[in-house]
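Protein chains in written order, with our numbering: chain A, 650 to 882; chain B, 3 to 267.
Among the clues, some could well be false.
Derived BS3-like pairs (lysine-lysine); straight-line CA-CA distance at most 30 Å [as the list claims (entries may be wrong)]: (1) A:Lys725 with B:Lys105; (2) A:Lys765 with A:Lys671; (3) B:Lys157 with A:Lys725; (4) B:Lys105 with B:Lys157; (5) A:Lys677 with A:Lys746; (6) B:Lys130 with B:Lys105; (7) A:Lys746 with A:Lys716; (8) B:Lys194 with B:Lys130; (9) A:Lys725 with B:Lys130; (10) A:Lys746 with B:Lys157; (11) A:Lys716 with A:Lys677; (12) A:Lys734 with B:Lys194; (13) A:Lys746 with A:Lys734; (14) B:Lys166 with B:Lys195; (15) A:Lys734 with A:Lys671; (16) A:Lys734 with B:Lys130.
Keep in mind the hints are simulated off the structure, nothing from the lab.
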Amino acid sequence: MSLPFYVSPEQLMQDKAEYARKGIGRGKSIVVVEYENGILLMAENPSASLSKIGEIYDRIAFAGVGKFSEFDQLRKIGVRYADVKGYSYSRDDVRAKALANAYSQAIGDAFTRELKPLEVEIVVAEVGDPRLAGHERNAIYRVQFDGSITDHQGWCVIGGSADSLAAHLQAHYRADLPLGDCMNLGRQALQRATNGEPRIPIQNLEVCVLERPRPGRKFRRLSADELGGILDA
Amino acid sequence: MRLREGYQGSSFTELLETSSPGLRPFASAPSQGGVPLVGSLSVPHGTTVLGLRIEAGVIVAGDRLATEGYRVASRDIQKVFATDGHSLMAIAGAAGPAIEMAKIMRVELEHYEKIEGEALELEGKANKLSQMIRQNLPAAMQGLVVVPIFAGYDKRRMVGRVWKFDVTGGRYEEAEFETTGSGGLYAKESLKKSWRPDLPREAGVRIALQALLDAADEDRGTGGVDVVRGIYPNIFVCEAAGIDEIPAERVAELHRELLAARARR
């Protein structure tokens, strides 16, 4: 069998996009929701050690779906980028917008240049700091497998069943929810991926928050005990 | 930002070495034909800091004075830094490189924790610091000496631990206490008389303050308490729950008590 001489760019991109979508679609979703005191990041993740959500910098968190090795690599690159920037300038100069743009460039570059696109979709979330003029607002950016970047207010969903989760959040999200309500909302949304049944057990939830009132590093991972105290079993 | 390129490890200092060598700290001090240019340079120096073990952890404290030869460079410099949630570093020596070392130490520990998903062990942190001091050796040979104290709460062994260092990066764990800086000798003599095993927190804070006052009494380079300007030593306590700085008002109160006790003698 001989290889075809010519593949149109449209066809090539379509094939790559389809390949990436398939990879991402197999995985579980992540919801990112703003609440009263910060931003909640919640994933369905049966593994306790292979995290999908991570800390990037003082006010910035990362969440990724798709192929673990690929989004974890992106997370580490983000940490390196942020730490070098914060070291050479100041800690307040590390912002989600610049980081999300850098991700968008890198992922877009891999999509066009490399044979295999990255099978990932990521969120970069930044919690606002009311003490810093111009930094008060939260920011949530989503970067897709082809490098396309969007910004979101209130909430954002990535991963396999993003559409049905988004519909749920669209209908039920309210601004300034307390953390407990927000976590229940996030869990309900994640359950939409499995039509609400069976209920996702607490040990299969990975929950992290960017808490505005904390000094310095705002990122915190909630333990299973804490989750048990807030969510219904 | 590039994928799958560049440094892949979890150390921040190594990352700087490979990806941004221009930002690398501890480059050797400038020399001309083998003659160091720094020897004659006058730079601010930090003076007295100390670390001691108490029952539930450690206390690290330092005075606030920086001197440049016989002049005061700063009256309210900070010499004790929290390098993460359970470790502290106190600096003495050339203030510029020492503060830089504390800053990069903090980034280093945080960087490792974020990349690896878990924090270094306390011993690992002390070891990393000793490598940094060793890297600073060329600059130290030319006068920019940095000799910190590192202390923290070891979450595995559930005790406070204190390390001292020498200029070559030698790392020595101390079972009781350690002091460094120009007034370090006097502070050590003071602690030698007052330290005992299993000190409660309050008593530990008191003898740390007393040691700094004793050092300030004998050593012109050590700041002590500046009542007029309201400048008090920094005293940090690190225990299982984390790090607290003793508020200046409380240090002022302890200072008054110590003075009153001395006046009675």
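Results of checking the hints against the structure:
1. A:Lys725 with B:Lys105: Status holds; Cα separation ~21 Å.
2. A:Lys765 with A:Lys671: holds, 13 Å
3. B:Lys157 with A:Lys725: holds, 26 Å
4. B:Lys105 with B:Lys157: Cα-Cα ~23 Å, so holds.
5. A:Lys677 with A:Lys746: holds, 26 Å
6. B:Lys130 with B:Lys105: holds, 13 Å
7. A:Lys746 with A:Lys716: Status holds; Cα separation ~24 Å.
8. B:Lys194 with B:Lys130: holds, 29 Å
9. A:Lys725 with B:Lys130: holds, 20 Å
10. A:Lys746 with B:Lys157: Violated, at roughly 37 Å.
11. A:Lys716 with A:Lys677: holds, 11 Å
12. A:Lys734 with B:Lys194: Violated: lysine 734 of chain A and lysine 194 of chain B sit about 44 Å apart, past 30 Å.
13. A:Lys746 with A:Lys734: OK: lysine 746 of chain A and lysine 734 of chain A at ~13 Å, within 30 Å.
14. B:Lys166 with B:Lys195: Satisfied, since the Cα-Cα distance of roughly 20 Å is no more than 30 Å.
15. A:Lys734 with A:Lys671: Cα-Cα ~35 Å, so violated.
16. A:Lys734 with B:Lys130: Measuring from Cα to Cα gives roughly 22 Å; hence the hint holds.
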